[in-house]
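K.L.:
Each chain, letter by letter, is given below.
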Amino acid sequence: MAPEVYRSMGLRDSEFERIVELMGREPSLTEVGMFAVMWSEHCGYKYSRPILNYFSKYKEAMEGEGLENAGIVDIGDGWGIAMKVESHNHPSAVEPYQGAATGVGGIIRDIFTMGARPIACLNSLRFGPIRNGKAPDEVVKRNRFLVDGVVRGIAGYGNCVGVPTVAGEVSFHPRFNGRPLVNAMCVGILRVDEVATAGAGGVGNPVIYLGSATGKDGIHGATFASEELADDDDSKRPNVQIGDPFAEKQLIEATLEALKTGAVHSIQDMGAAGLTCSTIEMSAKGDVGMDVNLDLVPMRESDMTGYELMLSESQERMLAVAHKGREQEVIDVFEKWGVHARVIGHVTDTGRVVVTRHGEVIADVTAKHLADMCPTYQIEGVEPEHCRLAREFDIESVPVPADLGQALLDLADVPTLASKEWVYRQYDHQVQTQTALLPGDGDAAVLAPRGTNKGLAVKIDGNGLWVRLSPYVGGQLAVVEAARNVACTGGNPVAATDGLNYGSPEDPGIYWTFDQSVKGVADACEAMRTPVISGNVSFYNHGDLGEVLPTPMIGMLGILEDADHRIGGLVTDSTDVLLILSYDLPEVPQEGIGASAYLTEFHGVENGVPVPPVLHSERLLCDTLVKLAAHGLIEAAHDVSEGGLAFAVAEMFLKSNRGVVVDLPEVEGIRRDDSRLFAELPGFVLLAVNSEKIGKVREQIPEGLSLRPLGRLIEERSLRFRYEEREVASVNIRDFVSRHKNCVVLALK
Amino acid sequence: MIQFPGSNCDQDALWSLRSDLGVKAEYVWHSERSLDGFDGAFIPGGFTYGDYLRCGAIAGQSQVMQAIREMADSGRPVLGACNGFQILCETGILPGALVQNIDQRFVCTTVHLRTENRDSAWTTKCPDVLPIPVAHGEGRFVADEETLRKLNGDGRVAFRYCDETGGLTDEANFNGSVESIAGVLNERGNVLGMMPHPERVTSKKIGSEAGLPIISGFLSVLANA
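Residue numbers (the working numbering), protein chains in the order written: chain U, -4 to 744; chain Z, 7 to 231.
None of these hints come from the bench; they were simulated from the model. Hints may be right or wrong, so weigh each one.
Said to hold, decoys possible - Label-pair distances were calculated between CB atoms; the ranges are:
#, chain 1, residue 1, chain 2, residue 2, range
1, Z, D109, U, H626, 55 to 61 Å
2, Z, E177, U, Q373, 26 to 32 Å
3, Z, P137, U, P131, 42 to 48 Å
4, U, K136, Z, E170, 34 to 40 Å
Said to hold, decoys possible - So, partial list: chain U residues that the calculated Cβ filter (under 8 Å) puts toward chain Z:
#, residue
5, C155
6, P240
7, Q245
8, Y302
9, G333
10, D423
11, R445
12, K449
For each residue, glycine too, the CB sits at the ideal point set by N, CA and C.
Given these sequences and hints, build the entire structure.
P.N.:
Here it is as C-alpha cells:
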C-alpha cells in the first residue's frame, strides 16, 4: 500500500509497519481505515494513556475488566448515577451548530447505552473574545458567530430530546480565537442491578443494528479530531456529522424499553468511528468475534462502499447483541418507536471481526489488535517558559487603582464574569421537572429525581488560565472548586468526570502541562475522595495564537440525603448577616491576585500564579457545608472564585433589594486593598445566615476551619467594603446588576 | 396523557396529574382511535415528530386527534400545554396559530400570567397573577382580527403575559404574541391551550405549586359538565 494512503488517514510509517506485523500480511483499504480510527488519539489515547494512569479508577479498569462507556456511582436505595463528559471541539470550530448538537447527542447516547435514563446535561464552553477591540474585528465577528451557533446547537438538540440543560459555564479568552472548546456532560439515573454492558458474548447470538440509517457523513471524524485544523477548515466540513434529536429521543425510549425486556445481551453506542468502533470494542471486551454482513445495514445511499459503511459517523445509531431467539422482541420495541432494527451478523468465537460487502470479505481483523494494541507515546516534557515567568512575577509592578468600587463595576462588565442568562435562557432547564435549583440561583444545579428523596448536585468547572500559568496547582483548583460548588448547595461531592482539553501532545511544553495538570486533578480527586469515573481527552486544539488555554473541565456530582435541604447562592429575606468560612492558607503568593480575573481583565496583565489549595482542608470544608445545609442552618452559600471576595459578595445580592456592609477579613500574606477585594483565595466560602442561628452554625465548625463575621445587611441597596473601619470600596448594587445582566447580551447584539 | 413520538413533557405531566392532583392517569399512544373510558385528556409538550414540517402539524393528523375532537365536543376537559397547544391549533380545535418567537430564540424562564377571565372552569381558582415557566421557540400566538374580536368578546382569552404586578408591557410579552395572549379557550370553555407549562410547577419538591390551580381545572370542568 502506498504510504500516502495510510498517512492521509493519520497513521505513521511505524504504525503501519506494526499493523502489517500484527496481521502477518498487508491490510486492505478498509482494514487500514479501521486501524487508523481505532489508533487515533480520539479512540486509542496514544499520548494520554500513560498519563491517565494517574487516575486510580482508570488504572484499575485498564488492568481489570476494561472501561465501560461511562462510570457509575452507587448513591444508595438501589439507585446509581452514570455520568460522563465529552468534547466536540473540532467539529464545533468548523460547523458550530451541528458540532455542538452532535456533541450533546453523543454524550446522551453514552449514558442511556448503560441503561440509565438521561436526566441532565451540562456544558462547558470556551470562545475567543466577543467584545470589539479585544481581537481583530473579523475574529470577534467569527467568535460571536461561534457562540451563537454553539448555543443554538446545544439548545436545538437538548431541548428537543427532552433532557434539561441544568448548569454550565462559558468563558472567553483570545487563545480560543476561532477555536472554541465545547464540552458536554450528561448525567443519568438507573437501578444499579440493571446496568447494561458493552461486552459482546454468546456464540451465535445475533448482532443487531439499531437507529438511523448510515450515510456518508462524518467519515473519519475521529481521525479529524486528532489533527490540528489547517486554514482550509471548510474543506473538513463533510467530516462533521449532522444530528437528529427527534431520532435520538426515539432511540432513548426504544433502548430503555428494549433493555427492560431482558432480550438484550449487550449494547454500545456507535459514536466516533461508527460501526468499526462498536464491532471492535464490543468483541474485544467480550473476548469474542463477530461476522457482519454490511449489505444488511440500513443505508441512506445504496451505493455506499464497505469502507464508507465502516467509517461513517452518522448519528443516532447503536449496536446490540441479543440473546439468540429473542431478537424479534428487541426489533418489535424499536419498530414501535419508528427506529430501524436489523440483524446484520452474529457473534463468533474467533476473536476476529469479519466484514463482508456484496459477498466479499473486505475486512478480517483481530478485535484486540485494534482495541488494545494501539501504540502509546511518551514525550519528554519540558516546563514552558511562561510557567517560570509566572512564578517570578513581581506583583508590586501592578498599581493599586484609586477607585476600587469602579474596578468592581468594571469586572461586572467582563463577559467571562458577567451573567450567562442569555445562554441558559435558551436551554430548557426544567423539562422532566426534576430541577430543584435552577441556573443562576446557586453554585451548582440540584436535581430531585423521582423515586428517591435524595438530591443530586451537579456542576462543571475549569479555569484554563490557572492551568496555563501553574499546571499542577491549576489542576487541583479545578477539582476543589467544582467540589466546593456542589457542597455549597448541600451536596456531598462523591465523584468526578473530566474533559481534558489541550494543544498538541507532541509539543514538549504542552505535554508537560498536560502531565502536571492531570496529576493535579488526580491528586486532588484522591484527597477529596471524588474519584474520576469517566472522562475524555481532546488534543490538537490550536487557535490563531497557538495552543488554547490548557483546560481540564471537571464535572462533579454531589449527593444530598434530602433534596429539600438544597441551598441557593442568593441572600434570602431571612438573611441578616454574612459570615466567612475558610481555612488558613499556608502560602499566598503574589498577594493572591496572580493569574486572577482582576489582574487579567482590569489590568490587562496575564501573569502570576494562583494560590494553592490545601486538599484535606477543602474536604473538611465540603463536609462542613453539607452538614450546615442538612441541619437547615444557613440561608445561602457561595464560594470565592473569579473576581474574588468582592465579586462573590456582589453576586449574592443580584436579586435582593438590600445591601451589605462588609468588614474585609485579615488574610496572612495580603496587604493591598485591591487584593483584599479581588484575591482568588481557595477555600473561602460566604455564608448568608440569620443571626439567631450563628451559635448553632458555630457548633458545626470543626478544628481546622475558621468562621468569621463578614458583614451585616442594610436596607440601602449598596455594597460597602471596609478594612479596619476605613472604607475601601463602595458600589451601588443597581449599577453592578445592570452591567452584570447586560454585558453578554450587548456584546452579542 | 396523549403520547406522540417526540412528546417529552409526557412523564412530567403524568406525574403532576397522578401525584400532585391525585387523579388516575395513563398514557394513550397516538394511534388509538378511541378515548372511551377517559374523563379528560392532557396533550403534553415536546417536539412531536421533531417539529418537522411545522410544530404540531404531523401530530395534528394522527388518529387520536379525532377522538380528542369528540371529547372536546362532548364537553369533557382537554388541556394542551406548549406543543399540546400547537397541536390543538393545528387541528382547529382552538383558534389561531403559534409562530416563531419574536427574537427567533428558544426561551426557558418563568413568566407571569394574568388571569383574564375567572368565569371559566379552567381559571376559576387562579389568582390574578401567577408565575409559570415557559420553554418554547415557537410560541408567539397570532390570529386574525375577526378571531381576536371573538376571543375577547366571548371571554375566551384565558391568560396574558404580564409583569409581576399584572401590567401588560412589551418586555413582559417576551415572545411577541398578539395582545400578549398566552392561553385561549374553545367556545364551550372545556378546552384550554396555553404555551406556559403549569404541569411543571405543581410540587414544592421542585420549588413551586403555582400551576396547581390550572391543573385542577380538570376537576372543575368535569364538575360543570
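K.L.:
Hint by hint, say whether it matches the structure.
P.N.:
Verification of the supplied hints:
About 44 Å separates the C-beta atoms of D109(Z) and H626(U), a value inconsistent with the hinted range of 55 to 61 Å. Checking the proposed 26 to 32 Å range against E177(Z) and Q373(U) shows it is violated: the Cβ atoms sit about 58 Å from each other. Remark: the range hint 42 to 48 Å for P137(Z) to P131(U) is upheld by a beta-carbon distance near 44 Å. Judged by the Cβ atoms, the range 34 to 40 Å given for K136(U) and E170(Z) holds: they are separated by roughly 37 Å.
With its C-beta approaching chain Z no nearer than about 4 Å, C155(U) sits inside the 8 Å limit, and its interface hint holds. Interface restraint check: P240(U) against chain Z, minimum CB-CB distance 7 Å, threshold 8 Å, status holds. For Q245(U), the interface hint holds, since its Cβ comes within 8 Å of a Cβ in chain Z; the closest pair sits about 6 Å apart. Given the 8 Å rule on beta carbons, the hint for Y302(U) is violated: about 31 Å separates it from the nearest Cβ of chain Z.
At a threshold of 8 Å, the smallest CB-CB gap from G333(U) to chain Z is about 6 Å, leaving the interface hint in force. Below 8 Å, beta-carbon pairs count as interface contacts, and D423(U) has one with chain Z at about 4 Å; its hint therefore holds. Interface restraint check: R445(U) against chain Z, minimum CB-CB distance 7 Å, threshold 8 Å, status holds. The criterion of a C-beta within 8 Å of any C-beta in chain Z is not met by K449(U), whose closest approach is roughly 12 Å, and the hint is violated.
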